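**Student:** Please construct the entire structure, taking both the sequences and the accompanying hints into account.
So the sequence lines, in the order shown, correspond to chains W and E. Taking the working numbering, I'd label the letters of the first sequence as residues 2 to 315. Taking the working numbering, I'd label the letters of the second sequence as residues 2 to 315.
Treat each hint with caution, since some may be false.
Claimed, not checked - List time: in silico SDA-like cross-link candidates among lysine to any residue, alpha-carbon distance up to 25 Å: (1) W:K312 <-> W:R299; (2) W:K48 <-> E:E183; (3) E:K187 <-> W:R56; (4) E:K151 <-> W:W153; (5) E:K50 <-> E:A64; (6) E:K187 <-> W:A49; (7) E:K167 <-> W:A86; (8) E:K167 <-> W:Q149; (9) E:K280 <-> E:V247.
What the hints assert, rightly or not - Which chain E residues stay away from chain W? Per the calculated CB distances, all over 10 Å, these: (10) S27; (11) E30; (12) V34; (13) K167; (14) K280.
These aren't lab readings, by the way, just hints derived from the structure by calculation. Being a predicted model, the structure only gives us computed values, none of them experimental. Each residue gets a CB set at the ideal place from its N, CA and C atoms; glycine is no exception.
Number of protein chains: 2
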Amino acid sequence: MPRINQKSEVRSQRSAVRPPAFDLASYLETRTVAVNAAMDRFLPSEKAKPATIHRAMRYSLFAGGKRMRPALVLAAAEACGGHEADALPLACAVECIHTYSLVHDDLPAMDNDDFRRGKPTNHKVFGEGIAVLAGDALLTQAFEIAAQAKGWPRYSHRDLILEIAKASGSLQLIAGQVADLEGEGKKTSAAHLKYIHERKTSALLCCSARLGGMSANCSAAQLQALTDFGYQVGLAFQVIDDILDVTQTSEQLGKTAGKDTKAQKATYPSIIGLARSRKIAAELTAKAFAALKPFQGRAVALEALAEFLLKRDR
Amino acid sequence: MPRINQKSEVRSQRSAVRPPAFDLASYLETRTVAVNAAMDRFLPSEKAKPATIHRAMRYSLFAGGKRMRPALVLAAAEACGGHEADALPLACAVECIHTYSLVHDDLPAMDNDDFRRGKPTNHKVFGEGIAVLAGDALLTQAFEIAAQAKGWPRYSHRDLILEIAKASGSLQLIAGQVADLEGEGKKTSAAHLKYIHERKTSALLCCSARLGGMSANCSAAQLQALTDFGYQVGLAFQVIDDILDVTQTSEQLGKTAGKDTKAQKATYPSIIGLARSRKIAAELTAKAFAALKPFQGRAVALEALAEFLLKRDR
Numbered sequence: 002m003p004r005i006n007q008k009s010e011v012r013s014q015r016s017a018v019r020p021p022a023f024d025l026a027s028y029l030e031t032r033t034v035a036v037n038a039a040m041d042r043f044l045p046s047e048k049a050k051p052a053t054i055h056r057a058m059r060y061s062l063f064a065g066g067k068r069m070r071p072a073l074v075l076a077a078a079e080a081c082g083g084h085e086a087d088a089l090p091l092a093c094a095v096e097c098i099h100t101y102s103l104v105h106d107d108l109p110a111m112d113n114d115d116f117r118r119g120k121p122t123n124h125k126v127f128g129e130g131i132a133v134l135a136g137d138a139l140l141t142q143a144f145e146i147a148a149q150a151k152g153w154p155r156y157s158h159r160d161l162i163l164e165i166a167k168a169s170g171s172l173q174l175i176a177g178q179v180a181d182l183e184g185e186g187k188k189t190s191a192a193h194l195k196y197i198h199e200r201k202t203s204a205l206l207c208c209s210a211r212l213g214g215m216s217a218n219c220s221a222a223q224l225q226a227l228t229d230f231g232y233q234v235g236l237a238f239q240v241i242d243d244i245l246d247v248t249q250t251s252e253q254l255g256k257t258a259g260k261d262t263k264a265q266k267a268t269y270p271s272i273i274g275l276a277r278s279r280k281i282a283a284e285l286t287a288k289a290f291a292a293l294k295p296f297q298g299r300a301v302a303l304e305a306l307a308e309f310l311l312k313r314d315r
Numbered sequence: 002m003p004r005i006n007q008k009s010e011v012r013s014q015r016s017a018v019r020p021p022a023f024d025l026a027s028y029l030e031t032r033t034v035a036v037n038a039a040m041d042r043f044l045p046s047e048k049a050k051p052a053t054i055h056r057a058m059r060y061s062l063f064a065g066g067k068r069m070r071p072a073l074v075l076a077a078a079e080a081c082g083g084h085e086a087d088a089l090p091l092a093c094a095v096e097c098i099h100t101y102s103l104v105h106d107d108l109p110a111m112d113n114d115d116f117r118r119g120k121p122t123n124h125k126v127f128g129e130g131i132a133v134l135a136g137d138a139l140l141t142q143a144f145e146i147a148a149q150a151k152g153w154p155r156y157s158h159r160d161l162i163l164e165i166a167k168a169s170g171s172l173q174l175i176a177g178q179v180a181d182l183e184g185e186g187k188k189t190s191a192a193h194l195k196y197i198h199e200r201k202t203s204a205l206l207c208c209s210a211r212l213g214g215m216s217a218n219c220s221a222a223q224l225q226a227l228t229d230f231g232y233q234v235g236l237a238f239q240v241i242d243d244i245l246d247v248t249q250t251s252e253q254l255g256k257t258a259g260k261d262t263k264a265q266k267a268t269y270p271s272i273i274g275l276a277r278s279r280k281i282a283a284e285l286t287a288k289a290f291a292a293l294k295p296f297q298g299r300a301v302a303l304e305a306l307a308e309f310l311l312k313r314d315r
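**Tutor:** So, in structure tokens, the structure goes:
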């Protein structure tokens with residue numbers, strides 16, 4: 002969540018380009034409240050036996066994430082004239098997928114991270130065995146929640162499940178994690194780094210935007226626009242992440258800074274330098290904005306989200 | 002696909018109540034061939050980038066498992082008059098779930114097993130990081146494959162996905178793993194051990210039988226019969242597993258024997274003794290047979306499977 006002072010900063014910057022009244026901070030706040038309440042309903046309670054696994058699932062799911070993916074789902078649904086209630090299960094599903102991937106990514110056998118979102122990582126609190134199982138459970142839960150979304154003749158449950166499974170599977174999200182893991186300490190080309198980013202980040206952001214459109218029974222043209230938008234925003238998001246990792250402190254980020262450098266991971270700044278990385282992020286965001294043209298101004302929340310992702314400092 | 006000679010054999014056997022000549026070995030063989038061929042089609046090839054993850058997924062998936070769960074799916078579908086082609090995706094999906102659970106269960110943070118089905122475990126070959134991701138990918142793949150099954154008005158894709166997600170989720174399969182992990186070295190009651198077995202084993206076997214019926218658009222009464230059958234067979238299966246762990250050698254089992262005792266895990270033999278454990282397994286199987294009565298002799302393969310599970314020595 003953006004901090005209050007940052008909120009007004011974002012607002013003042015926006016007056017030049019687009020309606021000054023769009024308040025992204027309160028938009029994100031209300032959506033986060035709705036998403037959290039829905040996730041609380043969808044997930045077994047902390048008391049459900051065995052309590053450990055439900056405490057572990059909820060620990061990471063409610064650890065104060067920015068809820069960017071659920072916000073993308075909801076904003077995309079709005080842009081297509083959909084209802085929040087129809088999009089919410091899908092918003093929760095992608096957040097479960099995102100959180101599971103973080104829990105497993107933080108494991109000693111992977112990134113070996115002790116902190117995430119300013120709190121000890123799942124395995125530091127619950128142990129490695131439970132952290133593996135909590136990730137598994139969140140991944141499984143995602144499909145259970147998604148199956149409860151509203152289906153349409155054009156976008157059936159089969160389509161929704163395939164959308165999530167493909168974006169999270171061994172050719173996309175997991176492919177990104179594998180390539181990331183295998184790339185540590187190795188010389189990486191800019192093209193291969195893009196391959197990693199497309200899978201590690203773009204896949205699920207793109208999927209989020211598409212699911213929002215699908216929940217609103219969107220047209221084929223709208224779905225294509227959301228696909229392009231999600232893809233570009235996803236790449237931009239990851240380039241920014243790389244930039245923040247080298248320019249911010251752990252305190253500012255709420256997670257370990259400089260970990261990419263330490264792990265000898267290839268990043269945009271390490272391959273093409275900081276200035277060119279910033280330029281690329283700006284270009285990607287411009288492309289993302291261009292992708293929203295078919296919505297003719299009805300995609301204000303998506304535009305604001307893209308701007309926020311580019312200008313964020315944590 | 003069943004071979005011609007077997008098909009006619011099965012047809013002729015069906016006239017009697019309990020055909021004495023039912024050839025389970027060739028039944029399992031043909032079903033295994035069909036399931037393996039289908040999984041090979043459903044999964045990305047070993048060459049698909051990144052090759053490591055696809056090699057790791059296929060390594061454990063094609064490590065010579067008994068394919069009991071897929072066989073249950075197919076046999077249940079047959080008992081309800083369904084077509085093998087409609088049941089195959091669900092058979093493959095449950096096998097992916099089963100295999101992922103084994104890959105993660107074998108990790109050092111869990112059971113820390115070096116051998117599975119006579120071969121080094123996934124993490125021993127590919128490393129822990131890839132083993133975690135291979136398990137994740139198999140779990141995700143299960144839903145992608147299941148989404149491609151045929152849906153019916155009575156059993157929609159929503160129902161099929163919910164069936165799998167619930168049986169594999171934090172209240173069932175994963176709950177069993179957690180309770181198993183937490184129970185190590187602790188005194189366990191027979192009731193709690195039953196709770197673990199219901200979740201660790203019965204849940205997915207029960208789900209397999211139900212999915213087979215659902216793929217055949219079965220009646221509510223048939224689904225109930227399959228539910229009872231799967232539940233009882235699942236419990237029997239696990240009791241036998243406990244028994245074999247203390248009575249067989251690693252060579253006979255193709256996996257580490259005596260590991261439950263070594264890990265100070267509660268088992269039926271350790272709590273109620275070997276003789277009573279055998280009696281319970283026999284009783285559970287009798288109940289499983291009784292559950293098949295509504296099929297009036299059309300469930301020969303399911304009966305043979307139950308008998309096989311009780312009489313197996315590995």
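**Student:** Now tell me if each hint is right for this structure.
**Tutor:** Each hint tested on the structure:
no., hint, result
1, W:K312 <-> W:R299, "holds (22 Å)"
2, W:K48 <-> E:E183, "holds (16 Å)"
3, E:K187 <-> W:R56, "holds (21 Å)"
4, E:K151 <-> W:W153, "holds (17 Å)"
5, E:K50 <-> E:A64, "holds (21 Å)"
6, E:K187 <-> W:A49, "holds (21 Å)"
7, E:K167 <-> W:A86, "holds (22 Å)"
8, E:K167 <-> W:Q149, "holds (12 Å)"
9, E:K280 <-> E:V247, "holds (16 Å)"
10, S27, "holds (34 Å)"
11, E30, "holds (29 Å)"
12, V34, "holds (24 Å)"
13, K167, "violated (6 Å)"
14, K280, "holds (28 Å)"
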